[in-house]
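Respectively, the protein sequence lines represent chains A and B. Just so it is clear: in the first sequence, position 35 is 35 by the numbering used here, and no numbers are missing. So the number in the numbering used here is just where the residue sits in the second sequence, counting from 1, plus 335.
Since the hints were derived computationally from the structure, they do not count as laboratory data. There's no promise every hint is true.
Here are the simulated EDC-like pairs of lysine to aspartate or glutamate, each with C-alpha atoms no more than 20 Å apart in a straight line [to be verified]:
(1) 250/A - 232/A
(2) 293/A - 47/A
(3) 293/A - 803/B
(4) 722/B - 681/B
(5) 293/A - 681/B
(6) 293/A - 632/B
(7) 815/B - 836/B
(8) 734/B - 33/A
(9) 331/A - 232/A
(10) 689/B - 819/B
(11) 250/A - 227/A
(12) 689/B - 632/B
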Amino acid sequence: MLYFILRRCVMLIPVLIGLTLVMFAIARLLPGDPVGLAAGPNATQEEIAALAREFGLDKPIWVQYANYVGGLLQGDLGTSLLTRRPVAADIAAFLPATLELVIAAMTIAVVVGIPLGLVTAVWRNRWPDYVSQVLAIGAISMPRFFLGLLLQLCFAMWLMWLPLGGRLPIIVFPPPTVTGFLTIDTLIAGDLEAFWTALRHLAMPAIAMSLSPLATIMRMMRASTIEVMNQDYVMTARALGLPRGKIILKYVARNAVSATLTVIGLYFGWLLGGTVLVETVFDWPGLGLYATKAIISQDMMPVIGVALVIGLLFVVANLIIDLAYGVINPKVRYS
Amino acid sequence: MTSSSFHLSRRGLLAMAGAGLATASLPSQLFAQSGRNILVVASGQDIPNFDPHTATGYSASFFMRNVYDPLVRVEGSPPEPRPALAESWDVSDDGLTYRFNLNPAATFHSGNSVTSEDVIYSFQRALELAKGNSWMIRGVVTPEGITAPDARTVEFQLAKPFAAFLQVLPWIFVVEKAAVEANLGDDMGQSWLLTNTAGSGPFQVARYQVGTLYHLGRAETSWQEGGGNLDGVIWQIVRETATQRLMLQRGEAHIAVDLTSEDMESLADAPGVVRVMEPEYRTFSIKMNTEHGPLADINLRKAIVHAVNYEAIRDSAGFADLMTGPLPTGILGHDPALEVPRMDLDKAREYMAKTERPDGGFSLRMVHVSGLEQQRRWALIMLDSLKQIGIDLEIQPLKWPDMVAACASPETFPDFFPVYQTANYGDPDNIAFAAYHSSRNGGWQNAVYSNPEVDALIEAGRTEIEPEKRAEIYGEFQRKVVADAPDIFGVLELRKIGLRDSVQNYQFTPVASNAIQAWPLSIG
């Protein structure tokens, strides 16, 4: 297994090099004038040229690329043309918020979606199945930002149960940063009240993010459970008179969840790159907003930096999923 | 980053904030319970960095106005210069020499006095970096033209008379020379000033989280006279305007600065909310390609400016007034009696008859910023208007960087190019020069229009210091521009700001009004 992990880590290198190459090529092929834009409407041609020189953008693209890779090896992801802040520092500031949101959303999706899928398969073509099917279609169809606004209106405006947005009330100082996840850092600081506050802020955006993967996971789990339930060994177990609950939980669920794992891995990556709308509605200071702003203004260093980080996380998430296959199904061998 | 000036126990606050599901945490109530007056401003724009000589945008202007001091400030409508670091000033008759007497009470956050040496250093740094707002004094102030007769006096010998000089000074901020010099690095202190400050303003940074909030606490050294009862001000980043509105309604924010017309409508009867809708020096117009393609023909341009449905443009803009010429209403020199084209299809057809293709039957191209619904609506109104004179319109949404790139030459510039122009300082020179002087050709504010007579008038308006004579010059300038018909004059959108009724002493200024100057404000 160690060899498998090592091999996958080595395979990551060409993936990341490919990503930087593609992003650099896109940066060059795109029309537009990012330097002129960053210099502002009143800059002279000399000032625009000076800004390009300052950021090394007057050099040939291969020199720019070499400089970037050189910096990358030292942990330097470049500097934003617009804010002039180091990209690595910005990503370090914004990534934990996005990761916390995505992990919370995926946790809700998995914890609710898998049992629901199991239930609807066992009671298929009966009312729990029909109800969940309608809800699943609704959850997949509803745009996340719209759902976010509805949640805000309902829980923050009318019921006043939950805060409108942000990660903590602005009056509250965040706990010392250890992981960057406020829910974890507040626990590390031993501050249960702060943990509760952070959790309340996380609730609505995480629910808004989770519904689409939840519905997909549920439907996927339902389909694979039905398939497994028709397998011979399940028939045999039933014929032997094993209790129904034991058959489903011990033999059916475990086998059915393997297929669902792939979807979970893919969704994790998809959510990482797709948080921007929820982040906008809930003022969640995450990577999605940062990347979108950079893309709109063609500020390429943050765009490349974010693409690299998300690419890296996506590969790591899928590696974890691959390893999980082996835990769930010992017949899976790493090669 | 934390500060000793903010002494609230986190545990105590959390006990208030997170008591239970049934209790919503409203920061304004929590601040009130804590006995501190903290003004919360909800805004969609993050503050790029803390360097007053490189950062731009209204969020940066907010930060600089509150953390740093300029020599003079502007207040009122129209904006008038008021003392800031300079308690008084004299101007020579020829408008070339300005002598500023610094307020002896002026003190940096470090406790050191603000001296003329700091002022000279700041202007020289701004000019040398040539970023941020330095363009406002480019060619007017030279490094060697600033001298210090003594520690409390600064004298500017301008390279040429510049009537708007006192209007641009509020946007050039003074840093403490010793603090920047001690952290100079190899980039004139730019890296250090990304996250540190060296100002003398009434507030200083108490804490900040990039992309979330900037909390400014009242500086212990605050020396400015007057002022309200604020202990601090928080610039909270709230991207979605609907959320800004909800925060205002719930009392979570005292001021929301990015509200839309729809937000303002729904706030009409909201209890505890005051709506501010005032005309700002911010114009929306549609530029035409006067140099290349069919619109190089002035008769076609005149036909078009008479075919446009201006009422529809105004209606689709929400709370807005129609422009009545190239300059914003209310600014010095604006001529309210100026005759500007309005929809008149007979006149439009008369001008069409003088063109090469009087019956139309051709197509023109209009670009707009993709995703900006307002601009898309205006493009559709143009489509409808041009049909009246037999012209088709191809509408092309573009990303803003692509729009900017299209301005490089008349050949790449589209037939119609919509643009917002915001005055950076309260003088007609700002919009006149940026939008109509030929030296700006190639940039997005005036990609192609060029008329030597108009250039001469703009230059005369810059150097003339007598207000009456300037008004005459700008009157002539407006008539000439209208006669050339380089633009379809659109609307002056009203600036839309929402306030809680607890905010006192708010005064609207039509320049950078969303960069709230917090010092005079109080919370009742």
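Open item on the list: Hints numbered earlier in the text: which of these fail when held up against the supplied structure?
Closed with: 2, 3, 5, 6 and 7
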